[in-house]
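2 protein chains.
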Amino acid sequence: MNTPAEGRHRVVVVGAGFGGLFATKALRNAPVDVTLINGTAHHLFQPLLYQVATGILSEGEIAPPIREILRRQDNVEVRLGTVTDVDVTARTVTATAPGISYTVGYDSLIVAAGASQSYFGNDQFAENAPGMKSIDDALELRGRIFGAFELAELETDPEMIDRWLTFVVVGAGPTGVEMAGQIAELAHRTLPKQYRRIDTRRVRVILLDALDAVLPSFGDHLSTRALRRLHQMGIEVELGNRVVGVDATGIEVDTPRGHQRIESMTKIWAAGVAAPPLAARLAEATGAQTDRAGRIQVNPDCTLPGHPEIFAVGDMMSLNRLPGVAQVAIQSGRHAADQIKRRLRGKETGQPFSYHDKGSMATISRFSAVASIGKVRFSGLIGWLLWLAVHLLYLVGFKNRLTTVLHWAVSFIGRGRSERVATFQQVFARRALLQVGPGVVRLGERTVPAPDTPEITEPR
Amino acid sequence: MNTPAEGRHRVVVVGAGFGGLFATKALRNAPVDVTLINGTAHHLFQPLLYQVATGILSEGEIAPPIREILRRQDNVEVRLGTVTDVDVTARTVTATAPGISYTVGYDSLIVAAGASQSYFGNDQFAENAPGMKSIDDALELRGRIFGAFELAELETDPEMIDRWLTFVVVGAGPTGVEMAGQIAELAHRTLPKQYRRIDTRRVRVILLDALDAVLPSFGDHLSTRALRRLHQMGIEVELGNRVVGVDATGIEVDTPRGHQRIESMTKIWAAGVAAPPLAARLAEATGAQTDRAGRIQVNPDCTLPGHPEIFAVGDMMSLNRLPGVAQVAIQSGRHAADQIKRRLRGKETGQPFSYHDKGSMATISRFSAVASIGKVRFSGLIGWLLWLAVHLLYLVGFKNRLTTVLHWAVSFIGRGRSERVATFQQVFARRALLQVGPGVVRLGERTVPAPDTPEITEPR
Chain P
1 MNTPAEGRHR
11 VVVVGAGFGG
21 LFATKALRNA
31 PVDVTLINGT
41 AHHLFQPLLY
51 QVATGILSEG
61 EIAPPIREIL
71 RRQDNVEVRL
81 GTVTDVDVTA
91 RTVTATAPGI
101 SYTVGYDSLI
111 VAAGASQSYF
121 GNDQFAENAP
131 GMKSIDDALE
141 LRGRIFGAFE
151 LAELETDPEM
161 IDRWLTFVVV
171 GAGPTGVEMA
181 GQIAELAHRT
191 LPKQYRRIDT
201 RRVRVILLDA
211 LDAVLPSFGD
221 HLSTRALRRL
231 HQMGIEVELG
241 NRVVGVDATG
251 IEVDTPRGHQ
261 RIESMTKIWA
271 AGVAAPPLAA
281 RLAEATGAQT
291 DRAGRIQVNP
301 DCTLPGHPEI
311 FAVGDMMSLN
321 RLPGVAQVAI
331 QSGRHAADQI
341 KRRLRGKETG
351 QPFSYHDKGS
361 MATISRFSAV
371 ASIGKVRFSG
381 LIGWLLWLAV
391 HLLYLVGFKN
401 RLTTVLHWAV
411 SFIGRGRSER
421 VATFQQVFAR
431 RALLQVGPGV
441 VRLGERTVPA
451 PDTPEITEPR
Chain V
1 MNTPAEGRHR
11 VVVVGAGFGG
21 LFATKALRNA
31 PVDVTLINGT
41 AHHLFQPLLY
51 QVATGILSEG
61 EIAPPIREIL
71 RRQDNVEVRL
81 GTVTDVDVTA
91 RTVTATAPGI
101 SYTVGYDSLI
111 VAAGASQSYF
121 GNDQFAENAP
131 GMKSIDDALE
141 LRGRIFGAFE
151 LAELETDPEM
161 IDRWLTFVVV
171 GAGPTGVEMA
181 GQIAELAHRT
191 LPKQYRRIDT
201 RRVRVILLDA
211 LDAVLPSFGD
221 HLSTRALRRL
231 HQMGIEVELG
241 NRVVGVDATG
251 IEVDTPRGHQ
261 RIESMTKIWA
271 AGVAAPPLAA
281 RLAEATGAQT
291 DRAGRIQVNP
301 DCTLPGHPEI
311 FAVGDMMSLN
321 RLPGVAQVAI
331 QSGRHAADQI
341 KRRLRGKETG
351 QPFSYHDKGS
361 MATISRFSAV
371 ASIGKVRFSG
381 LIGWLLWLAV
391 HLLYLVGFKN
401 RLTTVLHWAV
411 SFIGRGRSER
421 VATFQQVFAR
431 RALLQVGPGV
441 VRLGERTVPA
451 PDTPEITEPR
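Keeping their order, the protein sequence lines are chains P and V.
Numbering-wise (full-length UniProt numbering), the first sequence opens with residue 1 and increments by one.
Numbering-wise (full-length UniProt numbering), the second sequence opens with residue 1 and increments by one.
In silico SDA-like links for lysine to any residue, alpha-carbon gap of 25 Å or less:
no., chain 1, residue 1, chain 2, residue 2
1, V, 25, P, 410
2, V, 193, P, 29
3, V, 193, P, 30
4, P, 193, V, 401
5, P, 341, P, 72
6, V, 25, V, 344
7, P, 193, V, 75
8, V, 25, P, 194
What follows is a set of in silico ranges between Cβ atoms, one per label pair, in the way DEER data are often shown:
no., chain 1, residue 1, chain 2, residue 2, range
9, P, 367, V, 392, 31 to 39 Å
10, P, 71, V, 245, 35 to 43 Å
11, P, 367, V, 281, 46 to 54 Å
12, P, 425, V, 197, 32 to 40 Å
13, V, 261, P, 127, 37 to 45 Å
14, P, 357, V, 236, 54 to 62 Å
15, V, 159, P, 373, 52 to 60 Å
16, V, 71, P, 245, 33 to 41 Å
17, V, 236, P, 126, 43 to 51 Å
These are calculated hints, taken from the structure and not from any lab test.
Being a predicted model, the structure only gives us computed values, none of them experimental.
All residues carry an ideal CB built from backbone N, CA and C; glycine is no exception.
The whole structure should be built from the sequences, with the hints applied where relevant.
Right, here's the structure in full:
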């Protein structure tokens, strides 16, 4: 335990994603007391969420405890909480946790609360098409994906079997492409010999996007390569398709050829992001502008207008059309920390943040990825080996790297998925599938008779 | 995919715990078609549940998919479902899964539905003192245990800090002893350097039991050894204590010295087991007796009275006062399978089940366990090495053994816990801690004012 030194510069960091965590680490040797506030006790390696949702990695492997990562950094205090308000005049942050709320004062504030899933004004889609932003999301989707095959195996109605074996992924950015690819691999490589009635290779994986390209941020060449690989894998890619409705048993789409309904029990939303409500509050309090996704328009040095002591970094900031990727968050987080350190040393501040694009990559299947580094483009096996190398290097900073390598070996060299648990609750208590009364089961819009003893109790 | 051969003997196995799984495996080369029905898609290695609840292992490591274990056994079909009824005249089993119910006919039936937690008529205790019987339970407890330290760190009220740092385990059998030991190790070895305000070594771990010994089934010698080791670890063992009430903030106990209330936010129930409702239905249908725990009194060959085609095995059967341990389930499951194979070969059946006690063991902390094998008793390091050897040998039959060994190395040689994730839902949506209205937070019985903006939205 340590107690803050009297009169030390107080830095509050909101959010322990890439931006907040790396800002905090960069303040390691600075004469400051850091309070890091996050809504969960774990950092989240978001780019690998899809591997938790599809059974390759355990949640612990991509969500190390923040306290463990920072245990040797004495000048930081980690606090659980969701920040509900910032008073930019009194310079305080208010956060809530279950049963308690608290207020922390700051001299400098780094806001790195990330982005949440955006349904573009259709939040009612969320129940039937969970997003891919948190561990909660990944575990929910893991339960739905593996549960879908179990329930398809039980069905006798061919239409229902097709519904269970149709997976729709909305959004053809890296997360959507990776999810679609992994579901296809699961159905074609891991599961075929494990079912007796259904042929899992009959699965339909449909990847939808409103834009007219997959992975558009990777440029035409890699986008075309990725599309070709997705087609080879049997994934149906439907571009220029706008989702207008999602319910328990299907999804409604406006396509270039008119309206279409796709029957599917499992829908995954990887389409849009929006800044959390905190961004709007901060903008209002400081007079900053926000962009269409709700991100705060920051000064070139990542500060807010008239508030050189407040930084917004990562997915929350709008600056030079920078993409919402981990490297932007890491680098802008470090930039904010550097500015604070300069100020404390009496140096001139206000240096603009300049982003060094280290490249981007997305896996499509095992042994196949696209990667763009500077002006060089890689695809196929070379892209995938690059992906592997970069992730292995990054993981060296964390524990669990050995189990991660083992789990990758199981999944990429073998056919297995080691982390496939769907809990009883997830499968049996899903709202859209719940029994609505004695003798009646509600299944999406269908109502079917239930057996005589509808009381479901958990077996061992 | 295979289709059942016309006219083959049909075996239905209810439950894929130790009893059902090993019965199914023993039927591997028999001329039968097996339908294995289970409420989840995974087998559960129940004796290691406590390691999931305390962050050592991931759920995937102790809950391999049933289909994967049995993927090479062509004569078995695995079906998800909770069995709601057995018609012993028509020889059919009815099961439900979300949105569907189905009926399967049998020629032989092996019922191995295990046991669920028993609150001895006080099921209302469950909400505030979850049991330890399923993956759902272990994940719930993992969220509560790690969440308790997070919320203690935020508290300023000394009484509340004490409540968060007091853990009560009810039941001093192997599961309770192992849970208590692991929580103590967590607090003393893993967490101390990770918190700034609380000293996790101040934790109180209280182990309660209504009986007057810990691990009574291990005999006086080992029971005394175990008690001594628990005391060395600072665990408060309170024997002859009967729990009469559990609420959000504490537990009420009748002790030999009168009534007592223990203030504690985290209660764990490892006290009693009861057969599931299916046992009572089967008993009623066949005229079998049930014992106090609701288990079915079986014939010496594990069949039900008047029904040589129905076997009850494992935790569901009451026979010769056999204990509810994995080996009884495994051996009785195999016995039932053998009886079926004998009948099909035209051999005499009705052989009584004889249990070969391979011994029992319970870990108390790393490097310390008690083990009883035949008449030989081991404790301390030797007991622990035996525990390790037996579990490593057993795990050889499963995937994930390498990651399990790595996770054990992290926890037993190092101080780490690799699998510590508490989801946002688990920590923020716990009913006893929920906000009950704008401006008001309900915390157990206390009502405290909430901050201005009580809406809790999930951050990234």
